[in-house]
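Protein chains in written order, with the numbering used here: chain A, 1 to 93; chain B, 1001 to 1162; chain C, 2001 to 2124.
Calculated directly from the structure, the hints in this document are not laboratory data.
It cannot be assumed that every hint is accurate.
Claimed, not checked - Below, in silico cross-link-like pairs of lysine to any residue (SDA-like), each with a Cα-Cα straight-line distance of 25 Å or less: (1) C:K2033 / C:F2099; (2) C:K2055 / A:R48; (3) C:K2028 / A:A38; (4) C:K2064 / A:A38; (5) C:K2055 / A:M26; (6) C:K2055 / A:R32; (7) C:K2033 / C:H2081; (8) C:K2028 / A:L3; (9) C:K2055 / A:V4; (10) C:K2034 / C:K2055; (11) C:K2029 / C:I2103; (12) C:K2055 / C:M2038; (13) C:K2064 / B:V1112; (14) C:K2064 / B:Y1114; (15) C:K2122 / C:V2035; (16) C:K2055 / A:V80; (17) C:K2033 / C:L2112; (18) C:K2028 / C:T2051.
As the list claims (entries may be wrong) - One-sided and incomplete, this derived list gives chain A residues near chain C with beta-carbon spacing under 10 Å: (19) I10; (20) P17; (21) R28; (22) N31; (23) D40; (24) P53; (25) D67; (26) T68; (27) V72; (28) V75; (29) F76; (30) A78; (31) S81; (32) I85.
Stated by the list, open to error - Stretch by stretch, here's where chain A covers chain C in the computed footprint (C-beta under 8 Å, at least three residues): (33) 2042-2054; (34) 2063-2072.
Every value quoted in this text rests on a predicted model; they were computed, and no experiment measured them.
In this text, a Cβ means the ideal position worked out from N, Cα and C, and glycines have one as well.
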Amino acid sequence: MLLVFAGLLIHATLHLPARGDPDAPMHRERNRAGGLVAGDYFVRNAYRDAATPNMVTVVLADYRSVDTLGEVIVVFTAGVSCFLILRRRRRYD
Amino acid sequence: MTSPSQSVIIIVAGRALAPLIQLFGIYVIIHGHYSPGGGFQGGALLAAGVILLRMTEGRCAAQSEISTEAAIPVASIGALIFAGTGLVTLAFGGHYMDYGVVPVPGIEEPMVRYYGILLVEFGIGLAVMTALVAIFDDMLDDPSPENGDVDAGKPAEDLKRP
Amino acid sequence: MIDLIHDYYAYWAIMLLLVVGLYGMLMKKNLMKKVIGMIVFQNSIILLFVTAAFKWDATVPVLKEGIPGDVSSNYLNPLPHALMLTAIVVGVAIVGVAFALLIAIYRNFGTLEEGELTERMKGE
């Protein structure tokens, strides 16, 4: 059953663009509807916008900073929930 | 599980490695603009230093860096640094987290964004470090006599239900 | 044929890894092993995105002198890297909470095996 599923997934990968193809849809400048593609825009404009050579940092903390704020809140919530799960039962004793 | 390791080699190696790991973590946070790195990775490295000390020398070690009780509040301070940076930009009339609108004299817009990113990365690092340390401490939450817990030393069989 | 393998072998390995993780989550009876299967599954998805960001003849997305940034085929796509960075951190948080739940279950019932766990829960 799982092997059949693996075969299905491997068949599905054949419809993906080849690995490392610079002309894949996610690497192009414009998508089929004519809009700008995010990855290409970030590569060309990250240094001009934020004076920072590391594009991943710019994407993480500037372009998508609200996403990262949610991320930090998730980590913080995990810490709090661990605290609550593991300390709660002491009160019942 | 929480008892310190008996081997001298492990204790000495842990003490020698932990400052280096934490120094590298600070470097990764501060130098994240020019090399792969950033708040998440640096925070994880800082937490790794503290956790290494607590694994080798028992859970009471390195309490002066991050104490067990202070971990969750400091994590919330880190998250608040992040959110507060966004609120500052809101106060100057921009969108949330749009650092460029803050007027800093003598610095043009890209450099303002540069320092905004640095501040945010610092907040992320603080929050991630203390949250990981808090998770680790809660997992080792084995009530032991030296911590002054009331039900300390109770064997596990008493707590188990039939 | 060689071209096909050369273009797609990374995707095939990732899909096999995904199925290994799914096997661990579905078939194993121990809750700890289920969590390990979940971690393998999650990492296969992360690897899939990082593989999709790859371009031939490109370098890491850190701007360097001598390599112009306005030709985007010089640098890897930074967007999947940033997304997967956040996904890894969420993964750490998920694993922490999962282990906390397992510790709480073990303290209450004294076992992590699924069958025994259901019996002990019925016995209350």
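To see whether the hints hold, each was checked on the structure:
Note on K2033 (chain C) and F2099 (chain C): the hinted pairing holds, with a Cα-Cα distance of about 11 Å set against a maximum of 25 Å. Between the alpha carbons of K2055 (chain C) and R48 (chain A) the distance comes to roughly 23 Å, so the proposed pair stays at or under 25 Å and holds. For the hint linking K2028 (chain C) to A38 (chain A), the alpha-carbon distance of about 41 Å lies beyond 25 Å, and the restraint is violated. Distance restraint check for K2064 (chain C) and A38 (chain A): the Cα-Cα separation of roughly 21 Å lies within the 25 Å cut-off, and the hinted pair is therefore satisfied.
A distance of roughly 11 Å separates the Cα atoms of K2055 (chain C) and M26 (chain A); the hinted pair therefore holds under the 25 Å criterion. Under the criterion of a C-alpha separation no larger than 25 Å, the hint pairing K2055 (chain C) with R32 (chain A) is consistent with the structure, at around 20 Å. Distance check on the hinted pair: K2033 (chain C) and H2081 (chain C) sit about 28 Å apart at the alpha-carbon level, beyond 25 Å; violated. With a CA separation close to 16 Å, the supplied pair K2028 (chain C) and L3 (chain A) stays within the 25 Å bound.
With a CA separation close to 31 Å, the supplied pair K2055 (chain C) and V4 (chain A) exceeds the 25 Å bound. For the hint linking K2034 (chain C) to K2055 (chain C), the alpha-carbon distance of about 35 Å lies beyond 25 Å, and the restraint is violated. For the suggested pair K2029 (chain C) and I2103 (chain C), the alpha carbons sit about 17 Å apart, so the restraint of at most 25 Å is met. Only pairs whose Cα atoms come within 25 Å are accepted, and K2055 (chain C) paired with M2038 (chain C) is rejected, the gap being roughly 29 Å.
The straight-line distance between the Cα atoms of K2064 (chain C) and V1112 (chain B) is roughly 21 Å, inside the 25 Å bound, and the hint therefore holds. Of the pairs offered as hints, the one joining K2064 (chain C) and Y1114 (chain B) holds, with about 17 Å between alpha carbons and a cut-off of 25 Å not exceeded. For a cut-off of 25 Å, the pair hint linking K2122 (chain C) to V2035 (chain C) stands: about 24 Å separates their Cα positions. With a C-alpha separation of about 40 Å, the suggested pairing of K2055 (chain C) with V80 (chain A) is violated against the 25 Å cut-off.
Restraint check: the Cα-Cα separation between K2033 (chain C) and L2112 (chain C) comes to about 10 Å, which is no more than 25 Å; the hinted pair holds. A distance of roughly 29 Å separates the Cα atoms of K2028 (chain C) and T2051 (chain C); the hinted pair therefore is violated under the 25 Å criterion. At a threshold of 10 Å, the smallest CB-CB gap from I10 (chain A) to chain C is about 5 Å, leaving the interface hint in force. The beta carbon of P17 (chain A) comes within 8 Å of a beta carbon in chain C, closer than 10 Å, and the hint placing it at the interface holds.
A cut of 10 Å between beta carbons decides the hint on R28 (chain A): the least distance to chain C is about 9 Å, and the hint holds. For N31 (chain A), the interface hint is violated, since its Cβ never comes within 10 Å of a Cβ in chain C; the closest pair sits about 13 Å apart. At about 4 Å, the closest approach between the beta carbon of D40 (chain A) and any beta carbon in chain C falls short of 10 Å, and the interface hint on this residue holds. Given hint, P53 (chain A) at the interface with chain C, holds; its Cβ is 4 Å from that chain's nearest Cβ, closer than 10 Å.
For D67 (chain A), the interface hint holds, the least distance from its beta-carbon to any beta-carbon of chain C being 7 Å, beneath 10 Å. The interface hint given for T68 (chain A) holds, since its Cβ lies 7 Å from the closest Cβ of chain C, which is under the 10 Å cut-off. Look at V72 (chain A): its Cβ gets to within about 9 Å of chain C, closer than 10 Å, so that hint holds up. For V75 (chain A), the interface hint holds, the least distance from its beta-carbon to any beta-carbon of chain C being 5 Å, beneath 10 Å.
The interface hint given for F76 (chain A) holds, since its Cβ lies 9 Å from the closest Cβ of chain C, which is under the 10 Å cut-off. A least Cβ separation of about 4 Å between A78 (chain A) and chain C falls short of the 10 Å threshold, and the interface hint therefore holds. For S81 (chain A), the interface hint holds, since its Cβ comes within 10 Å of a Cβ in chain C; the closest pair sits about 6 Å apart. Of the supplied interface hints, the one on I85 (chain A) holds, with its beta-carbon coming within about 5 Å of a beta-carbon of chain C, less than 10 Å.
Counting residues of the region 2042-2054 of chain C whose beta carbon lies closer than 8 Å to any beta carbon of chain A gives 4, which meets the minimum of three for the stated coverage. Closer than 8 Å: that is the beta-carbon criterion, and the region 2063-2072 of chain C has 5 residues meeting it against chain A, so the requirement of 3 holds.
In summary, the structure is inconsistent with hints 3, 7, 9, 10, 12, 16, 18, 22 from the numbered list given earlier, while agreeing with the others.
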